[in-house]
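Can you build the whole structure from these sequences, using the hints too?
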Amino acid sequence: MNHLKQIAAKLPEYEIDAMLLSSAPGEFYGVGFHGEGYVVVTANECRYFTDSRYIEAAEKTVTGASITMTDRGHSYPALIQKSINELGIRKLGFEEGYMTVAEYKRLEGVVSELNVEMVPAQGLVNGLRAAKDQEELDAMVQAQRISERAFDEILKFIKPGVTEKEIAAKLEYDMLRFGAQKMSFDPIVVSGPNGSLPHGVPSDKKVENGEFITMDFGCIYNGYCSDMTRTVALGEPTEEMRKVYNVVLQAQLAGLAASKAGVTGKSIDAAARKVIEDAGYGEYFGHGYGHSVGIEIHEAPNANLRDETLMPVGAAVSAEPGIYLPGRFGVRIEDVAIMTEDGCIDITKAPKDLIVL
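Sequential numbering from 1 applies to the sequence shown in my numbering.
Watch out, some of these pointers could steer you wrong.
[Claimed, not checked] Listed next, the in silico DSSO-like pairs over lysine-lysine satisfying Cα-Cα at most 27 Å (straight line): (1) K159 x K352; (2) K349 x K165; (3) K156 x K349; (4) K105 x K91; (5) K91 x K60; (6) K349 x K182; (7) K82 x K105; (8) K182 x K165; (9) K243 x K156; (10) K206 x K91; (11) K274 x K260.
In case anyone wonders, no lab produced these hints; they're calculated from the structure.
For clarity, every value in this text was computed on a predicted model and none was experimentally measured.
What follows is the structure, encoded as structure tokens:
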């Protein structure tokens, strides 16, 4: 899996001769390989540089690019400078959203000797990554199926006296057992009053009857992330807990109904937010409705109060409204939806009706 041709085709639009990929996500998107290195993409040739730790695996995996190993006599800046000379590069695009100041200054010193301009061009890669192709979507669906198998297992595991940390550890173990490469992020498991912390850290608190338990988790398969959240009740919930849960569910359904290519993330957020506000809980929904998911767990475009980017076909966007009552409990329900011209496809199959354990 690589996207070198897609990147090369976009170079004229950004008026650059080459794109330099230096970040881990950019490297993987470009050559389909997770190592540590640089990728130079031009209209006619692509070059990948990495070190001795990754060279053997890269030679087996990377296609569509020449592969060179860096060593004491051939540093990354030297290899980039050599490519600039040999490929006639005058304007070099780079990932300004990832490159450190130190890295930029090091490369700037190299290219300035050649009268080459470094051009911020993160938008080129971000724009391509926003619209997933079928191979990318297939990997995301498989990651989601793994997460759902882990969810099925955790429902059998949860009982009074089990700690939040133990639930988180079980989720991680099962996702790895079912085929995940690693986690998309550290699982969030919060219960009872801890549930009002949207990004709370699993603690030694034991879950108890009469509490909500919110679990936000996901895994990586073939380089792509899944992301899901389910809130379940341990023992019979109160009437208010059921009410809040239903409001969040209706808000998510409203957001999904408003989701399609060609609309803004702001409008999707507004559709979900209105449900929560109309129910009187507007002040308790502080974060955005969702974010794009892919190689990274947080990508662009977003579905929030501010993002007016038009959703492209193939965008994979989380749908995760929530209500958080400080010191009492919280509810969040999260799926991932793929934007189409006519609507969206929800790739999350886990049940959303309130589960009472």
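Evaluated hints:
For the hint linking K159 to K352, the alpha-carbon distance of about 20 Å falls within 27 Å, and the restraint holds. For the hint pairing K349 with K165, the CA-to-CA distance comes to about 25 Å; that is within 27 Å, so the pair holds. As the CA atoms of K156 and K349 are separated by approximately 18 Å, the hinted pair is consistent with the 27 Å bound. Note on K105 and K91: the hinted pairing holds, with a Cα-Cα distance of about 16 Å set against a maximum of 27 Å.
At most 27 Å may separate the alpha-carbon atoms for a hinted pair to count; K91 and K60 exceed this at roughly 31 Å. Our distance criterion of 27 Å between C-alpha atoms is met by K349 and K182, whose separation comes to about 21 Å. Distance hint between K82 and K105 is fulfilled; the C-alpha atoms sit about 18 Å from each other, no more than 27 Å. For the suggested pair K182 and K165, the alpha carbons sit about 18 Å apart, so the restraint of at most 27 Å is met.
Taking the CA atoms of K243 and K156, the gap is about 25 Å. The hint holds against a cut of 27 Å. Restraint check: the Cα-Cα separation between K206 and K91 comes to about 58 Å, which exceeds 27 Å; the hinted pair is violated. Pair hint K274 plus K260 holds up; C-alpha atoms about 18 Å apart against a cutoff of 27 Å.
The earlier numbered hints that this structure contradicts are 5 and 10.
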